[in-house]
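**Student:** Since the structure of chain C is provided, determine the placement of chain U on it from the hints.
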Amino acid sequence: MNRPLPEDPMIRSLIAQAKRAQLSRRTMLAGTGAGATALALAACTTGGTELSPADDISADDKTLNWANWPFYIDEDDDGNYPTLLAFQEEFGIDVNYLVTVDDNNSYFATVRDQLALGQDIGADTVCLTDWMVNRWIQLGYTQPLNKDNIPNAANLVASLQNPQFDPGRVHSLPWQGGFAGIAYNVEETAEVRAVSDLWRPDLLGRVGVLSEMRDTIGVIMLENGVDISGDFTADEFNAALDIFRTQVESGQIRNVRGNAYTEDLVNGDTLAAICWSGDITVLNFEAGYEKWKFVLPEGGATLWNDNFLIPIGSPRKTNAETLINYYYQPEVAAEVAAWVNYITPVEGAQEAAIAIDPELAENQLIFPNADTLAQSKIFRGLTAQEENEYQAAFQAILLGA
Amino acid sequence: MAFTAFSSSTAAAEPVVRRKSRVALFLLLPGIFYLILFFVTPLISLIITSLQAPDPLIFGQFVNAFNWQNYAIVIETYGEQAVRSAGYAALATFFALLIGFPLAYFIGITLRPYPLLQSLALVLVIAPFFISFLLRTLAWKQIFSTEGPVSGILSSIGILGPGESITGTTFSVVFGLTYNFIPFMTLPIYATLVSLDLRLLEAGNDLYGSPATTFRTVTLPLSAAGVMSGTLLTFIPAAGDYINASREFLGSADTTMIGNVIETNFLVLQNFPAAAALSLLLMGFILVLVAVYVKRSGTEELL
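Heads up: the protein sequence lines correspond to chains C and U, in order.
Sequential numbering of the first sequence, starting at 9, is according to our numbering.
Sequential numbering of the second sequence, starting at 734, is according to our numbering.
Facing chain U, from chain C, some residues (calculated, C-beta under 10 Å):
#, residue
1, Asp111
2, Phe116
3, Glu271
4, Asp272
5, Gly408
Calculated from the structure, these hints are not laboratory results.
The beta-carbon is built from N, C-alpha and C at its ideal position, and this holds for glycine as well.
Bound conformation, chain U alone:
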């Protein structure tokens, strides 16, 4: 309703917002306070930690310093895992898009004449969220286990050699990431497709556009905003994910991602500066990537 207030009387609204409003500032205070306490403070603390040096007197403790070499060391030590994370996340995003777009299209457009089926299909996409993410991933581990059905079939037709397994491989980790993020890809695309005016598709058809051309020139541009939010919502968490690639779930020493490295450095090695430096690098990397992506795909859709 607030939206209509804005749009219906633009001229009248402008003077109201122009006034330096102390009330607005006052209303913003809790939000600002929250951001300072729970975002800015931890971020600064993380930056300080990432530059700490080992305490020369007490072993295992760290003192504040300007030890920027921490960054060079972690890049050198864990470069491979960082590149792998980006690669896995990109693969997972690609596959999630490949599966998520047709799914969203089916629910949003094909099922539109049948509202009941449409809601049912939506529920099916969301339903996995009712079960813990960890449990679902563990279930896949069971399905892929050596004595499980999938491995049995694959080894009987010779795809899996002796001593080889599905879990702990690139396949299983990318599979897990894709599976876990499909809803994050599907829902934003669905949200754009569900409001797509079908008359536009009819118009494309009337103008002798083949289904492929209509899709490319009408459907795709109109759903671009959804595709973009979907890919961001998938890629960003997937790049930092440490569950799927964990040895406790679908990964192994060969599939370690940067999230696992950060976890080990924080919790096991208690090398806090290294963990903090890695976290900041990951944050910076994603920020730059998203900025470039948003810039290149055009900001209008996001607005």
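Chain C with its partners taken away, still in its complex shape:
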């Protein structure tokens, strides 16, 4: 310090004080101690013991936290959830409905540290997509369901009773399902029937696709004639990925987005998009007429389900099971389906829907018949290595890396 001290006396005194505070052995030791404490605290973040389910306090605690996706339950004009209110009245369980799931990956990233320690994640039940449920079950982050509390689980449609990731539905039960297909703006563009139509010159820069890898790459693979539910190879996946990369780099694809892709359709940035079936019904409802048409692409659509599961640290398992049982009543399931426009997994809901609206019961996107289902495939479960490799390649395109 050979620079002259500033004029300001306050600063002079502060600097003088700072100079006096030399690094003594004592302060050095204190510093080391603080560093060690911090290190010990930092080390606490990594756990790794055998997980066991939390003790169930449902009998004394009549509350329940349910985490779900946006626009995924019946809602009235005042923002209330009619079926949920009826449930609270009937069972006296106070449900805290949390719209906190916006994306499977980011939700998992938010709660994984607590899950790894077996702690309560603030949700007693959460609805996640098949492949993510697969990961939770494999990591031991779920509690097995007590089917004695869910007698209505017998209403589950046969096709969903034994998925690859949870045979016999020990840990999970479906909430809603849906298709990923194509929607196009009927006023602004000609008919789009297949994925290859999206690459038409007149749609340059006006195509949107989903950031959910299994849906976007899934429909491209189906277009290529690959069975995504079968044992496809890495080459077949990469062939679809190459098509995707070409279309992103050429600017044909305007944007790759999550649930917010609907905004692009509404403001006209995109005229056609790979999208989820239920959303288009809602968009048309908001527009007041059928402005967008949803089609199952000629190559085939992907079919997915979101499933209830009970996280390992939830102390209100019985309450959660009571809720699941309630939603497996055909009448309740029909009421929800009529609002969310997704496929209900409950047998008998179609019959119940006729009572609400006969036209609704005919809607193939809510109550698909065997022909419609034959046009769709479920993306097969990926091994952890495949998941990592494919996801990294897909994300690299999104990051332009």
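**Tutor:** Leaving out everything else, chain U in the frame of chain C:
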């Protein structure tokens, strides 16, 4: 008031501070504790994470190691995005200064005789803060949308070709960054200009300084501290920003910044070591840059 206590009686104050004060240490304890818990601990945790290696047994988990290659890998993979971030942040800082300085000058000096207008203008600078940053950015996305007014005019005069759009380009991202950080640039400069003694400008004029010379030799040096804090307050957050460049807002795959890369690695790929390494590199880069900048512009102004 504490300031006047210091300055009025320097001689008397010195012996008081010289005494090794246990009380002072005691008063500092909550602050130190807070720093250890919420700064030092996460930082160490981040450093440990950045050196982790994949668990050989459980896929997708990581174990503590000294895997420094993580840093080499992320630099190689995401070098382009890192350079782009620095470039975008520099551009945004430049444009924010270009817009913010005249604005601050106008409010702080031109409007000084009219206190009411001055406060009103200040409110106008601050008012956007009352609306969420995300909403404002989304609003720009709407304004720039293909069916929107701006794109309509630009394509009718042939600037935008078919299939081209404003959003998702370097322009829209730098525009968004500039727009969002203008108040951070304007307010510190305003704070220095508002206390500028106008008699100094008159003196410059009396000494035959042209307005430009007076500005260069009097106004600019006297507002240098504000310009410096303004550029730092703009550049640092802009370099790590992941909203404007996000695909959900004004960006696209071509405009990815380092913040988006870190976000994807943390939340989607769950490659925590890579994300941690990138975060630390970003922190280090900004620290070095700021240190050089502060050193070169002289520390006196900061004091």
